[in-house]
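If you read the sequences in order, they're chains D and S.
Under my numbering, the first residue of the first sequence carries the number 126, and numbering increases by one thereafter.
Under my numbering, the first residue of the second sequence carries the number 46, and numbering increases by one thereafter.
There could be a bad hint or two in this list.
Claimed, not checked - A short list of chain D residues far from chain S (calculated; beta carbon distances all over 10 Å):
id : residue
1  : R277
2  : D304
3  : P307
4  : R317
5  : M322
6  : S352
7  : N455
8  : R476
9  : L500
10 : R526
11 : G558
12 : K562
As the list claims (entries may be wrong) - Straight line, CA to CA, 20 Å or less: simulated SDA-like cross-link-like pairs of lysine to any residue:
id : chain 1 : residue 1 : chain 2 : residue 2
13 : D       : K158      : S       : G390
14 : S       : K437      : S       : L505
15 : S       : K231      : D       : Q276
16 : S       : K198      : D       : I303
17 : S       : K231      : D       : E446
18 : D       : K472      : S       : F81
19 : S       : K411      : D       : A133
20 : S       : K411      : D       : G143
21 : D       : K293      : S       : Q70
22 : D       : K472      : S       : Q70
23 : S       : K411      : D       : S146
24 : D       : K472      : S       : L416
25 : S       : K437      : S       : R453
26 : S       : K437      : S       : E495
27 : S       : K132      : D       : E348
28 : D       : K472      : S       : V72
29 : D       : K158      : S       : R273
30 : S       : K436      : S       : G390
31 : S       : K411      : D       : K183
32 : D       : K472      : S       : E65
33 : S       : K498      : S       : G390
34 : D       : K183      : S       : D354
35 : D       : K472      : S       : E98
Stated by the list, open to error - For each label pair, taking beta carbons as the anchor points, the in silico distance ranges come out as:
id : chain 1 : residue 1 : chain 2 : residue 2 : range
36 : S       : E61       : D       : R516      : 21 to 31 Å
37 : D       : A133      : S       : R203      : 55 to 65 Å
38 : D       : D304      : S       : G353      : 42 to 52 Å
39 : D       : T430      : S       : R533      : 40 to 50 Å
40 : S       : R141      : D       : E321      : 42 to 52 Å
By construction, these hints were calculated from the structure, which means they are not laboratory data.
Think of the CB as a built atom: it goes at the ideal place given N, C-alpha and C, for glycine as much as any other residue.
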Amino acid sequence: MYTPHTKADIEAMLEAIGIGSLDELLRVPDELKLRAPLDVVPALPEYQLRRRIEQIAKRDSGVDYVSFLGGGAYRHYAPSAISALAMRGEFLTAYTPYQAEVSQGYLQAIYEWQTYICLLTGMDLADASVYDGATALAESAIMAMNATGRQRFLVSRAVHPNYRAVLKTYCDGLDVAIDEAPLTDDGTTDLRVLAEMLRETQYAGVALQSPNFFGNIDTLDGEALESVHKNGAVPIGVVAEALALAALATPASWGAQIVAGEAQSFGVPIAYGGPYVGFIATTNEHMRRIPGRLVGKTVDSAGRTAYVLTLQAREQHIRRERATSNICTNQAHCALIATIYLALMGKTGLRDVAALNLERSRELATAVANAGVRLRFSAPFFNELVVDVGRPAGEVLAALRERGILGGLDLGRWYPEYSTCILMAATELTTSGEIAKLAAALQEVTRVGAGV
Amino acid sequence: MSAPASDRTASPLIFELGQEGRATQYVEHGKPLRSFMPEGVLRDDLPLPDNTELDVVRHYTRLSQRTFGIDVGFYPLGSCTMKHNPKVNDALAGVREFAELHPFTPDDLSQGALQVMYELERSFCSLFGMAAFSLNPAAGAQAELAALLIAKKYFRERGETQRDKVIVPDTAHGTNPASAAMCGFKVISLKSDARGRVDPAEIRTVVGPDTAVCMMTNPNTLGLFEERIHEIADAVHEAGGLMYYDGANANALMGNTRPGDMGFDLMHLNTHKTFTIPHGGGGAGHGPLGVAGHLVEYLPTPYVVREGDRFRLDFDRPKSIGPVRSFWSNFAHVVRALAYLYANGAEGLTKVSQYAVLNANYMRVKVAEFLETPYPEICRHEFVASAQQLKKETGVRALDIAKALLDRGYMAPTIYFPLIVPECLMIEPTETESKETLDGFVAALRDIIETAKTNPQELLDAPVTTVVGRVDETRAARQPDLRWRPPR
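Bound conformation, chain D alone:
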């Protein structure tokens, strides 16, 4: 209980109200009274509740396994200064900054976040965040529909399967159809087929992810971009591993007009899936279609620099059913964490982390190849790669698990044709020792004739 009410307080307050008891205050019609006791976890003093939940946490936890899991959630180093700053109560316990005069600090931090996302993606503006990468894509698709008035959307099969599934959930609500562009045999979007599809059908938007779900660089080339333009579709770049933005050519440079991404990699705890932080960045042309909060720079009554929530006429609390989106709560605190991460790392640190990811993932590629496991694709990749273990991936992953290793993702879960393939990630936190351990284990469990 965190309530301050003494018996005397309660009596004095009831008397002021002119009512006899708390029960009377909360009186409901008979049919709404509780009929049975509530079945809720028991009340515990703080030291015991802490013990209880810490015990639950330890139950069958894979947290100490050597891990090569990626696929849209990445283990990166977060400097200690992040939590020291982000967990300050002023930030943590603030609401949406409706009262600008007492929220200048947070508003400025969000303005900085919007700027960081613009600098990283090459776009003109970015919103104050959306829920995550998947919903960023879904909301971007809605932007494209509003921009074109079209009800059909094209997405590459190399876009994160969870993102595509969420896109479908959202599109079902709006009766929007989705077509999927196929893959080449090298784990990238088949741009020739994509161009054909664009010649035949009018699309609201077309989405590619780079690096794609397999870790491969996967962007529109000049010809494909031209067919997108001829079609009139809005090109959308999807980013599931934001760290790649520090190294790779920006989505703007290959033609994206909207960038839908996930910034968990920037210091946000991996935390079993959330909260993370999605972002949408776009060109000035689409400014008034962007969903979510926007912070703008303005002046106060004395002409001093000030920040404020702006362009609110797009939003649900003003426009109700005519809003660009229903989003109200966003992921401001995760955006703050990412902003502080970027401020701490700086250009130099971010480039270093990107380079280390490239280095470790190539070390991983070499080690597994030397262990006799085939790399499935040869396209340039960022920090994830696909190996073909030549037998059901699930069996190999189970055998690795027995050796204390989470070897990666079974691609057969989403791509039946890759049921013998594993998606593996290596980051700056992956050590040479871990890579050697994985390679040795892989060699053992994939040996011809080895029972797994």
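Chain S: place on chain D using the hints.
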């Protein structure tokens, strides 16, 4: 960084600070990128500032000092339930086994996390009278969207595709009609009666074979209990529609009465309101979605199921609307919410809503001594006051009162909402505030109303003690400046 800035000096942007090469080093230097990748796929430049850790720490510490949170002072923001956010919740969300657990960790190595989700879900079901909850939605608005997608699918499968109307009272939160529009529904706005309630007779005039869902909150946003909710639910159900409970105001009834018993088929909670999740300056939130038995199969995937003493994420649910987010939940918030349940238990939670209602009514009678309260009757967790009369007499508006409260060290209430009350101030004190705090706020508000009558200009000029004065919102919207740009 230059000399310490006084409170009122503008804070430079992080981009205006630092020098290339100055960043504190957290990882070893990497090799040039082009040694790993073909030049053509790399970016040319990365125009981010390099700052030392000390400079970054001072910069964001200063920004925090220019931000008002519950930890700073009283935050009576109506409909937002800004109660104390217990620190133990944050500590538990941060334990390594949770904070470092990858979402693709196999179920048999995520048993602790899954148990936390399961325990929270079961407790919510009992507390609110629902058959099941999905912990997936990231916020209340997303739960509304998911619920309406469920309704759409449910009616489609029953061959009732003509059900394309969603009924929303005029006191509803803006997310309700916006969510309905995102599912292709048409919105019917329902006028509240003179008592600020939805009249069941009025409902009967709008329901019919085209009714899909009626979205309501109870108590409503005026803080008033819809005591005829059963009749409303009956009318909607008889017409074949579904009832949706917007749980933004659940702090008013938790442990005392249950939406499930009122006849609601679907509902959401805002754990960042009712269950003490820190709102973090606008999120992340968390919006669990509850459903009655006939809608369980439609919940978003994945759903946590228990088999003996083991738990797993169930993705194979053929009738589901599908996933609504990248991964399974805002899990750190699930941990926080469960910690809060353990801190209170059923009895404690019942007390929570009682004290929330006590505090609101106490403030309501005190405020009524000097400000118009358009619904002078017992309220629940919040109440509305109106500055309409004051504006006529003095020219001072709700907005001016809000700004004057900032000068007196308080967060302002929600203003101009609900839309049906002119010059509205919507005040929600929450149960964690003491009588002394409430008395202090009431005294400040009284002082403001008296000042309105003697020196209205002082209020029109407010705030003057904050780091900036009244902000020019019109200019922000007319000349949008949404980012810093590097000097050419």
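Hints, verified against the model:
No Cβ of chain S approaches the Cβ of R277/D within 10 Å, the least distance being about 15 Å, so the stated non-interface status holds. No beta-carbon of chain S comes within 10 Å of the beta-carbon of D304/D; the shortest separation is about 17 Å. At roughly 22 Å, the least C-beta separation between P307/D and chain S is larger than 10 Å, which holds for a residue marked as non-interface. Here R317/D stays apart from chain S, with its beta-carbon at least about 20 Å from theirs, past the 10 Å limit.
M322/D, annotated as away from the interface, keeps every beta carbon of chain S farther than 10 Å; the closest lies near 23 Å. Even its closest Cβ contact with chain S, about 21 Å, leaves S352/D beyond 10 Å, as expected for a residue assigned away from the interface. Listed as outside the interface, N455/D is inconsistent with that label: its C-beta sits roughly 4 Å from the nearest C-beta of chain S, within the 10 Å cut-off. Interface exclusion of R476/D from chain S breaks down, the closest Cβ pair being 6 Å apart, not more than 10 Å.
With a cut of 10 Å on Cβ distances, L500/D stays outside the contact zone with chain S, its closest approach being about 15 Å. Chain S draws R526/D into its interface by the beta-carbon criterion, the shortest separation being 7 Å against a cut-off of 10 Å. Every Cβ of chain S is farther than 10 Å from the Cβ of G558/D; the closest lies at roughly 16 Å, confirming the non-interface assignment. Residue placement check: K562/D keeps its beta carbon more than 10 Å from all beta carbons of chain S (closest about 17 Å).
Simply put, K158/D and G390/S have alpha-carbon atoms about 19 Å apart, close enough for the 20 Å limit, and the pair holds. For a cut-off of 20 Å, the pair hint linking K437/S to L505/S stands: about 14 Å separates their Cα positions. For the suggested pair K231/S and Q276/D, the alpha carbons sit about 18 Å apart, so the restraint of at most 20 Å is met. With a C-alpha separation of about 18 Å, the suggested pairing of K198/S with I303/D holds against the 20 Å cut-off.
Pair hint K231/S plus E446/D holds up; C-alpha atoms about 8 Å apart against a cutoff of 20 Å. Between K472/D and F81/S the CA atoms are separated by roughly 19 Å; this keeps the pair inside 20 Å, and the hint holds. The straight-line distance between the Cα atoms of K411/S and A133/D is roughly 18 Å, inside the 20 Å bound, and the hint therefore holds. At most 20 Å may separate the alpha-carbon atoms for a hinted pair to count; K411/S and G143/D meet this at roughly 12 Å.
The suggested pairing of K293/D with Q70/S is violated, with an alpha-carbon distance near 42 Å, which exceeds 20 Å. Straight-line distance between C-alpha atoms of K472/D and Q70/S comes to about 11 Å, which keeps the hinted pair within the 20 Å bound. Of the pairs offered as hints, the one joining K411/S and S146/D holds, with about 18 Å between alpha carbons and a cut-off of 20 Å not exceeded. Between K472/D and L416/S, the direct Cα distance comes to roughly 55 Å. Violation of the 20 Å bound is thereby established for this hinted pair.
A C-alpha spacing of about 24 Å is found between K437/S and R453/S, which places the hinted pair above 20 Å, so the restraint is violated. Our distance criterion of 20 Å between C-alpha atoms is met by K437/S and E495/S, whose separation comes to about 15 Å. For the suggested pair K132/S and E348/D, the alpha carbons sit about 55 Å apart, so the restraint of at most 20 Å is broken. Taking the CA atoms of K472/D and V72/S, the gap is near 13 Å; set against the 20 Å cutoff, the hint holds.
As the CA atoms of K158/D and R273/S are separated by approximately 14 Å, the hinted pair is consistent with the 20 Å bound. Between K436/S and G390/S the alpha-carbon distance is near 46 Å, which puts this suggested pair outside the 20 Å criterion. Distance hint between K411/S and K183/D is unfulfilled; the C-alpha atoms sit about 50 Å from each other, more than 20 Å. At most 20 Å may separate the alpha-carbon atoms for a hinted pair to count; K472/D and E65/S meet this at roughly 8 Å.
Restraint check for K498/S and G390/S: not satisfied, since their Cα atoms lie roughly 48 Å apart, outside the 20 Å limit. At roughly 15 Å between alpha-carbon atoms, K183/D and D354/S fall within 20 Å of each other, so this suggested pair holds. Distance check on the hinted pair: K472/D and E98/S sit about 14 Å apart at the alpha-carbon level, within 20 Å; holds. In this structure the hint that E61/S and R516/D lie 21 to 31 Å apart at CB is violated, the actual value being about 57 Å.
At about 57 Å, the beta-carbon gap between A133/D and R203/S stays in the expected band of 55 to 65 Å. Judged by the Cβ atoms, the range 42 to 52 Å given for D304/D and G353/S holds: they are separated by roughly 43 Å. About 20 Å separates the C-beta atoms of T430/D and R533/S, a value inconsistent with the hinted range of 40 to 50 Å. The hinted window of 42 to 52 Å between R141/S and E321/D holds, with their beta carbons roughly 50 Å apart.
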